[in-house]
Amino acid sequence: MSISLVELEDCHALLLFERQNKAWFELHIPPRDDGFYSQQGVEEHIRELVLFHRAKLCYPMLIRNNEGEICGRINLNVSEADMSYAEVGYRIGEAYTGKGVASFALSLLLDYAKKTAGLKTLKAHALTSNLASQKVLENNQFKRIEKIHDFAVLHEISSDAYLYQREI
Numbered sequence: 000m001s002i003s004l005v006e007l008e009d010c011h012a013l014l015l016f017e018r019q020n021k022a023w024f025e026l027h028i029p030p031r032d033d034g035f036y037s038q039q040g041v042e043e044h045i046r047e048l049v050l051f052h053r054a055k056l057c058y059p060m061l062i063r064n065n066e067g068e069i070c071g072r073i074n075l076n077v078s079e080a081d082m083s084y085a086e087v088g089y090r091i092g093e094a095y096t097g098k099g100v101a102s103f104a105l106s107l108l109l110d111y112a113k114k115t116a117g118l119k120t121l122k123a124h125a126l127t128s129n130l131a132s133q134k135v136l137e138n139n140q141f142k143r144i145e146k147i148h149d150f151a152v153l154h155e156i157s158s159d160a161y162l163y164q165r166e167i
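Using numbering that gives the first Met the number 0, you'd call the opening residue of the sequence shown number 0 and step up by one each time.
What the hints contain is simulated information worked out from the structure, not anything from laboratory work. Hints may contain errors.
[To be verified] Heads up, simulated DSS-like pairs for lysine-lysine below, C-alpha to C-alpha not over 30 Å straight-line:
| hint | residue 1 | residue 2 |
| --- | --- | --- |
| 1 | LYS113 | LYS142 |
| 2 | LYS142 | LYS55 |
| 3 | LYS134 | LYS119 |
| 4 | LYS134 | LYS114 |
| 5 | LYS119 | LYS98 |
| 6 | LYS21 | LYS55 |
| 7 | LYS113 | LYS55 |
| 8 | LYS134 | LYS146 |
| 9 | LYS146 | LYS113 |
| 10 | LYS134 | LYS98 |
| 11 | LYS55 | LYS134 |
| 12 | LYS55 | LYS114 |
| 13 | LYS98 | LYS113 |
| 14 | LYS146 | LYS21 |
Work out the full structure: start from the sequences and follow the hints.
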């Protein structure tokens, strides 16, 4: 398994991945606009991510299995106020859940964040109902800092989240 920065050449494969997992993702996170699920929509998305990456504000990665198939995405979103701090986010395709993909990808991202991006502190949020994501973070030595009430609204239901942090 590997992680790599998303590139425009990944457009077709990323579009397939996002379409295949649309219903799965929408169970857990707010839906994307319908326009995203087109060649043009994904190209625009990648172009925007590349611009943010050039500004060192985002490190958008694809997670690939040993056959080169996209099995997830993992990102670092850097704080403009403090360039040594970033927020981690990830999404794993339904067929790859429960197989250690997120934990392994996060371990690779931690190494990248320290050696390549020069970051010092990472934070992440996990909904209180998302035990799998909490386990991924805790297995990678993230510490639960606080509970945030009404963190997100999904399917018209307000959800709480835990804030996690790790120094690297």
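Each hint tested on the structure:
no. : hint            : in the structure
1   : LYS113 x LYS142 : holds, 18 Å
2   : LYS142 x LYS55  : holds, 25 Å
3   : LYS134 x LYS119 : holds, 22 Å
4   : LYS134 x LYS114 : holds, 24 Å
5   : LYS119 x LYS98  : holds, 28 Å
6   : LYS21 x LYS55   : holds, 28 Å
7   : LYS113 x LYS55  : holds, 14 Å
8   : LYS134 x LYS146 : holds, 16 Å
9   : LYS146 x LYS113 : holds, 26 Å
10  : LYS134 x LYS98  : holds, 13 Å
11  : LYS55 x LYS134  : holds, 29 Å
12  : LYS55 x LYS114  : holds, 14 Å
13  : LYS98 x LYS113  : holds, 25 Å
14  : LYS146 x LYS21  : holds, 28 Å
Every hint, counting from the list given before, is met by this structure.
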